[in-house]
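Required output: the full structure, derived from the provided sequences and hints.
Protein sequences appear in the order of chains A and B. Numbering-wise (our numbering), the first sequence opens with residue 70 and increments by one. Numbering-wise (our numbering), the second sequence opens with residue 61 and increments by one.
Simulated from the structure, these hints should not be mistaken for lab results. Hints may contain errors.
[What the hints assert, rightly or not] One-sided and incomplete, this derived list gives chain B residues near chain A with beta-carbon spacing under 8 Å: (1) GLN227; (2) ASN231; (3) ARG232; (4) GLY233; (5) PRO235; (6) ALA236; (7) HIS237; (8) LEU239; (9) VAL240; (10) GLN245.
[To be verified] Simulated pairs of lysine-lysine, DSS-like, Cα-Cα distance not exceeding 30 Å: (11) A:LYS72 <-> A:LYS179; (12) B:LYS300 <-> B:LYS83; (13) A:LYS175 <-> B:LYS226; (14) A:LYS140 <-> A:LYS175; (15) B:LYS83 <-> A:LYS175; (16) B:LYS128 <-> B:LYS226; (17) B:LYS222 <-> B:LYS83; (18) A:LYS179 <-> B:LYS222; (19) B:LYS300 <-> B:LYS257; (20) B:LYS257 <-> B:LYS222; (21) A:LYS175 <-> B:LYS253; (22) A:LYS179 <-> B:LYS253; (23) A:LYS73 <-> A:LYS140; (24) B:LYS128 <-> B:LYS165; (25) A:LYS179 <-> B:LYS226; (26) B:LYS165 <-> B:LYS83; (27) B:LYS83 <-> B:LYS128; (28) A:LYS175 <-> B:LYS222; (29) B:LYS226 <-> B:LYS257; (30) B:LYS128 <-> B:LYS222; (31) B:LYS128 <-> B:LYS257.
Just so it is clear, CB atoms sit at the ideal spot from N, CA and C, and this is done for glycine as well.
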Amino acid sequence: MTKKALVIDDSRAMRTILSGILGELGYEVQGAEDGGRALEILNAGGLFDLALVDWNMPQMTGYDFVLEVRKETRFNDLRLVMVTTETEVSRMSDALEAGADEYIMKPFNKEMLLEKLMLLGIEAELD
Amino acid sequence: MRNRTETSDLTQADFDFVRTLVKQHSSISLDDSKGYLVSSRLLPIARGRGFESVAALITHLRSRPHGKVHTDVLEAVATTETSFFRDFHPYEALRDQVIPDLIRKRRESTRMLSIWSGACSSGQEPYSVAMVLRQVIPDIDTWTIQLLASDFSGAMVERARKGVFKQLEVNRGLPAHLLVRYFDQHGASWWLKDEVKRMVTFFQQNLDREWTRIPQVDLVFLRNVLIYFDVETRRRILRKVRRHLRPDGFLVMGAAETTLSLDDSFRRVQFGRAAFYQPGEGSGQ
Ligand SMILES: C[S@@+](CC[C@H](N)C(=O)[O-])C[C@H]1O[C@@H](n2cnc3c(N)ncnc32)[C@H](O)[C@@H]1O
Numbered sequence: 070m071t072k073k074a075l076v077i078d079d080s081r082a083m084r085t086i087l088s089g090i091l092g093e094l095g096y097e098v099q100g101a102e103d104g105g106r107a108l109e110i111l112n113a114g115g116l117f118d119l120a121l122v123d124w125n126m127p128q129m130t131g132y133d134f135v136l137e138v139r140k141e142t143r144f145n146d147l148r149l150v151m152v153t154t155e156t157e158v159s160r161m162s163d164a165l166e167a168g169a170d171e172y173i174m175k176p177f178n179k180e181m182l183l184e185k186l187m188l189l190g191i192e193a194e195l196d
Numbered sequence: 061m062r063n064r065t066e067t068s069d070l071t072q073a074d075f076d077f078v079r080t081l082v083k084q085h086s087s088i089s090l091d092d093s094k095g096y097l098v099s100s101r102l103l104p105i106a107r108g109r110g111f112e113s114v115a116a117l118i119t120h121l122r123s124r125p126h127g128k129v130h131t132d133v134l135e136a137v138a139t140t141e142t143s144f145f146r147d148f149h150p151y152e153a154l155r156d157q158v159i160p161d162l163i164r165k166r167r168e169s170t171r172m173l174s175i176w177s178g179a180c181s182s183g184q185e186p187y188s189v190a191m192v193l194r195q196v197i198p199d200i201d202t203w204t205i206q207l208l209a210s211d212f213s214g215a216m217v218e219r220a221r222k223g224v225f226k227q228l229e230v231n232r233g234l235p236a237h238l239l240v241r242y243f244d245q246h247g248a249s250w251w252l253k254d255e256v257k258r259m260v261t262f263f264q265q266n267l268d269r270e271w272t273r274i275p276q277v278d279l280v281f282l283r284n285v286l287i288y289f290d291v292e293t294r295r296r297i298l299r300k301v302r303r304h305l306r307p308d309g310f311l312v313m314g315a316a317e318t319t320l321s322l323d324d325s326f327r328r329v330q331f332g333r334a335a336f337y338q339p340g341e342g343s344g345q
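Spelled out as structure tokens, the structure:
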């Protein structure tokens, strides 16, 4: 079955970059420009394995999105990875406590993203 | 402009001089394709010391007895790329199987674990091991943990000992919960907390010289370093590893490395997605 991922970021350029990388990993990717939109997609019944979540977005922040998602047990299998310019350790621990599984500080590169995904058992096919 | 190596502006003679120097002192073998690598790594040293070119720096090296500049050159030529939890699988194996096994075996006897990282670069490798140990051994304070880490590069050993890392470095491979748990943030630098830092003893050690400070150990990490040596040197070092590994200990190599075809006396043991190497029958001679 094809794995599905959500890329949540208000920057279209960032969504394109992240979607490209996940696409190479075999994900079918859907984008959302903020947490509210992402919640709508989830609530509409979309089953996703992974979400990459920016922090600062209009309407609903990534942090609030994580809190909302983790309220519902039906999303327990959804891996949540923050990808954000927020680099304060207090932010990081807040996000982890809210239920994020991993945390990547911007700027990052493809290799860093793959390394972090590996920690969650998500493997790049070695070429 | 004759006699230049293909990919750099070094003359073949200058490249050969550096190649011989490097081979002699750090055992690293540089083939002809490494001309560009050498000149790009020597350029900052040449600039920093006021030489007008890499060629001028090499002329200086030739004319002087071995000293600080030579050392800087040797350290600059070595590739020191590393990361926390590099390739992850070996650390997963340590966490889930290897360390718990060792702990069970040693619990009623020595209550001691000895681990050596033999090409530790800026320290990410031994510090990753240290964090795993803290996570896996609940009563770690009642154990004797000997965690040794060495590199031939004095500059690397010094950096590693400081335990201070850039954002870029902690963003690579390090699980976020461990970053939060074991580091203090000072702006864009991340300082390893004492509880982890003090677990590791760093010192300078060339793998191809006598190992005076290396005891019998349970685990040897020799990751992404033998690849820089010629086959004879790799064999020589692996033979020494056997003598320093406990019979139920393991050698841990890089993801793309193996003892196969180098040293038959190691037995490959698979732990999940990671392969470790155990000294087999007849080892220890
Ligand atoms: C690519 S790094 C690997 C670091 C780490 N083991 C890892 O896998 O991430 C190679 C390291 O080997 C060291 N090295 C090279 N030649 C050496 C020698 N003859 N003896 C000891 N260390 C050496 C270099 O200084 C460098 O730090």
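How the hints compare with the structure:
1. Contact between B:GLN227 and chain A, as hinted, is supported at the beta carbon level, the nearest pair being about 6 Å apart and thus within 8 Å.
2. Interface restraint check: B:ASN231 against chain A, minimum CB-CB distance 5 Å, threshold 8 Å, status holds.
3. For the restraint placing B:ARG232 at the interface with chain A, the shortest Cβ-Cβ distance is roughly 5 Å, inside the 8 Å limit, so the hint holds.
4. Annotation: interface hint on B:GLY233 holds; nearest CB of chain A at approximately 4 Å, less than 8 Å.
5. Residue-level restraint check for B:PRO235 holds (minimum Cβ-Cβ distance to chain A is 5 Å; threshold 8 Å).
6. Because the closest C-beta pair between B:ALA236 and chain A is about 4 Å apart, less than 8 Å, the hint holds.
7. At its closest, the beta carbon of B:HIS237 sits 6 Å from a beta carbon of chain A; the interface hint therefore holds under the 8 Å criterion.
8. Here the hint on B:LEU239 is kept, as its CB sits about 7 Å from the closest CB of chain A, short of 8 Å.
9. Given hint, B:VAL240 at the interface with chain A, holds; its Cβ is 5 Å from that chain's nearest Cβ, closer than 8 Å.
10. With a cut of 8 Å, the hint placing B:GLN245 at the interface with chain A holds, because the nearest CB-to-CB distance is about 4 Å.
11. Taken as a hint, the A:LYS72 and A:LYS179 pair is honoured in the structure, with Cα atoms around 19 Å apart against an allowance of 30 Å.
12. At most 30 Å may separate the alpha-carbon atoms for a hinted pair to count; B:LYS300 and B:LYS83 meet this at roughly 19 Å.
13. For the suggested pair A:LYS175 and B:LYS226, the alpha carbons sit about 13 Å apart, so the restraint of at most 30 Å is met.
14. Taking the CA atoms of A:LYS140 and A:LYS175, the gap is about 27 Å. The hint holds against a cut of 30 Å.
15. Only pairs whose Cα atoms come within 30 Å are accepted, and B:LYS83 paired with A:LYS175 is rejected, the gap being roughly 40 Å.
16. Pair hint B:LYS128 plus B:LYS226 holds up; C-alpha atoms about 27 Å apart against a cutoff of 30 Å.
17. In summary, the hint linking B:LYS222 to B:LYS83 is supported, as the alpha carbons are separated by about 29 Å, within the 30 Å threshold.
18. A threshold of 30 Å between alpha carbons decides the hint, and for A:LYS179 with B:LYS222 the separation of about 28 Å falls inside it, so the pair holds.
19. Among the hinted pairs, B:LYS300 with B:LYS257 is consistent with the structure: their alpha-carbon atoms are about 28 Å apart, no more than 30 Å.
20. Under the criterion of a C-alpha separation no larger than 30 Å, the hint pairing B:LYS257 with B:LYS222 is consistent with the structure, at around 8 Å.
21. With a C-alpha separation of about 24 Å, the suggested pair A:LYS175 and B:LYS253 falls inside the 30 Å cut-off, and the hint holds.
22. Distance restraint check for A:LYS179 and B:LYS253: the Cα-Cα separation of roughly 29 Å lies within the 30 Å cut-off, and the hinted pair is therefore satisfied.
23. Distance check on the hinted pair: A:LYS73 and A:LYS140 sit about 21 Å apart at the alpha-carbon level, within 30 Å; holds.
24. For the proposed pair B:LYS128 and B:LYS165, the alpha carbon gap of about 46 Å is over 30 Å, so the pair is violated.
25. For a cut-off of 30 Å, the pair hint linking A:LYS179 to B:LYS226 stands: about 18 Å separates their Cα positions.
26. Distance restraint check for B:LYS165 and B:LYS83: the Cα-Cα separation of roughly 41 Å exceeds the 30 Å cut-off, and the hinted pair is therefore not satisfied.
27. For the hint linking B:LYS83 to B:LYS128, the alpha-carbon distance of about 17 Å falls within 30 Å, and the restraint holds.
28. At roughly 25 Å between alpha-carbon atoms, A:LYS175 and B:LYS222 fall within 30 Å of each other, so this suggested pair holds.
29. Taking the CA atoms of B:LYS226 and B:LYS257, the gap is near 16 Å; set against the 30 Å cutoff, the hint holds.
30. For the suggested pair B:LYS128 and B:LYS222, the alpha carbons sit about 22 Å apart, so the restraint of at most 30 Å is met.
31. Taking the CA atoms of B:LYS128 and B:LYS257, the gap is about 28 Å. The hint holds against a cut of 30 Å.
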